[in-house]
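Colleague: Read top to bottom, the protein sequences are chains A and B.
Note that our numbering has the first sequence beginning at 19, numbered continuously upward.
Note that our numbering has the second sequence beginning at 1311, numbered continuously upward.
If you're looking for bench data, these hints aren't it; they were derived computationally from the structure.
In this text, all values refer to a predicted model and were calculated from it rather than measured experimentally.
Ideal Cβ positions, reconstructed from N, Cα and C, are used throughout, including at glycine.
Take these hints with a grain of salt, some might be off.
What the hints assert, rightly or not - Which bits of chain A does chain B cover? Going by a derived footprint, with three or more residues having C-beta under 8 Å, they are:
1) 360-366
2) 387-401
3) 462-472
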Amino acid sequence: MDRGMPILRMVGISKSFPGVKALENVNLDAYSGKVMALLGENGAGKSTLMNILCGIYSMDEGKIYIEGKEVLIHSIKDAQDMGISIIHQELSLLPNLTVWENIFLGNEIYNKLSKRINKAEMRLKAREFLDQEGCSIDTDILVKDLTVGEMQMVEIVKAVSRNVRILVMDEATAALTDSEIQKLFALIKKLTSQGIAVIYISHRLDEIFKICDMITVLRDGKYIGQMDVSEVTKDDLISKMVGRELKEQYPYVKAKPGNVILKVENLSMGDRVKNVSFEVREGEILGIAGLMGAGRTEVAKLIYGEYKKTSGSIYMDNSKVEISSPMDAIKNRIAYLPEDRKKEGIILKMPVGSNMSLANLKKYERKLKKIDKKMEHKDFKEQIQKLSIKTTGYDQIIKNLSGGNQQKAIFAKWIMVGPRVLIIDEPTRGIDVGAKKEIYEILNELKKSGMAIVMISSEMEEIIGVCDRIIVMHEGKVTGTLSREEVYQEKIMKYAMGLS
Amino acid sequence: MKKDIKSLIFKYRAVFVLIILCLVLSIMTPRFIGISNIMNVLTQISVNAIIAIGMTCVILTGGIDLSVGSVVAIAGAVTASLVKSNVSILIALLVALAIGSLIGLFNGAVISKMKIQPFIVTLSTMSILRGVTYVYTNGIPISGLSSGFMFIGNYRFLEVPFPVFIVILIFLITWYVINQTRFGRYVYALGGNEDSARLTGINTDSVKTIVYILSGVFAAISGVIVTSRIGSASPNAGSGYEMDAIAAVVLGGTSMAGGEGTIIGSIIGAMIIGVLNNGLNLLNVSPFYQSIVKGVVILLAVMMDKKNK
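Just chain A, same shape as in the assembly:
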């Protein structure tokens, strides 16, 4: 394939942090009008490389060329001046400003004579920029009132308004609904047709095949190679990323489901959850599939007592229970692993060990309410061994663990409490392929031990690979129930889109 000259070339980039070699002799090219995927497990060095490109980190070795000329990027401003922009998963817009104010933030248009900012002109220009990219968002609306997808559009338009030539998109679709993803893809096509080079980082392989022209793969901070999308298959890519064949990515085990433990009847919460009913048996994993905003997390939080239901009932072992707070749920031996690990799951500043024992401290109380720390440390050691959690010890601050190990620590926290029902929301979000498999194995172990598990996931393959039964939600309602035998992606998708 004739690609022409790359607009961006990063050659032989190396970067070390104390104790870690984050990047070693890595190359990356980007071409005008093309989308380059940057692929690798978590910790492969993608973010470090992009932070170097955007002037946030300085590199130890290597050269960066733009249009064949060597450039030095020392600051974010340098990068912006060269037309490099990055769209992060966490958006950088100011929520209390309007769309047009955000687009022109730091780049305001002034009235030549009075030196006052020219609001009318900026509003007009903002409209033009938005129309140009096919976005119908109102320029006067506050950013906080937009959906995540719309915010992303605004962020992209903002970058385009500043003559971006190289646009980096880091996990851009992670929080988008399916229709928003489609819009985003359309926008990316438009950008490339205008000659912008896009660098696209995503964990979702499907997307990469849909939208990208070329792929650069990193593994453990090393450059594995650059290839055309047409030259490779998914399996190739996975093996390049992990350096090993992942034959059984979803190690399903069959267990014999026992009695119904948790039963939910006509659970409702305003418009967001409507008459949801289902049951889970011991030794069973029930999946809840659906698109973002379908009301899945709301169902989990209703059962867990974090949200207040407007109607409906919850039964444990066929007797009705009243749950009005997480405390009540835990008393009924229901545990919940939230979707947003950092915001709702762990306490970032606390040691791994204290995070793990936090739900179970009563067990260690001795005379005068003193915590038996010896016992606590013993249990900690046992759990990190059992779940192979990589940590330097009890006192390591959990913030410094990888996502996968943080997630395993939360699993350990709840396993030690010994729930009968475990609700897990997006158990493998932001976790690399290797750690994902370990999480599935933990789930299987728990299932075999007779726990009733409810798993919410947006990853179709995962939900099909792990669950015994699946319910699909669409706009707050359950639109379908599928057994493991009758499940396939298209069918789930149809239910999830409310099509049947």
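Chain A is fixed; fit chain B onto it per the hints.
Modeller: Chain B in isolation, oriented as in the chain A frame:
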């Protein structure tokens, strides 16, 4: 090795600042190390240290308690008036503790149940209680208290002022609660991430309420000590004490965002402030300048913290 020493110094930086401060002062003014001066400083530190211990618990949860200075005043005034009308000292003390805990309960309940920012709630109670104290005392100090009552603030055991023993006792109890019990873990968890704490099944409302009760009770104890020491309850008593307590907590390395910090740090912080006040007095620095110096020291300390992190 060099790095070890550096991190050791950083860890105990507040202690080093205190030691250096003491060394400098003893060189500049020999009176500083006189036994009577030291005991005097210790008494002054006691009052702030007790409040700072309660404040630390509050700040660890990510909150703040501005009402402590006014609690000092109201608790002192009520105790003084009871003692003056010949109520037994023990009952007067219990009433003071009850007042402190009720105010804390009110602060904590409003903050946790109505979800109003601690700063605003305690700013309001600070103002309300100050007013109540003026109304209660008619703006006139209550003096002429019995010697039995003045014992609390003035008695010395082996030269050591009685309030110092009260600080040590309160410190030991609070240290135990914060470091050795489930409640202590919950305090850190709440300050670290309230949502995670609640979803872990922690009764965050009750943890919050309890720390404000602790803060109220400790402020009331300080109020009793202040009143007993000077033998008079002024309606102005304790104004600005909240700032000294917060300064002590911050100097002790506790994060205002919550979730990080230690009780002992705040004690050291209170000692730094006390020694600094005393030293400036001994050096005959005008109170106008004292305030400036204090502010600069706090700012420098926090800036150093920030830089090293």
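Colleague: Now tell me, hint by hint, if it's right for this structure.
Modeller: Here is what the structure says about each hint:
no., hint, result
1, 360-366, "holds (count 6)"
2, 387-401, "holds (count 3)"
3, 462-472, "violated (count 0)"
Violated hints amount to a single one, hint 3; each of the other numbered hints is respected by the structure.
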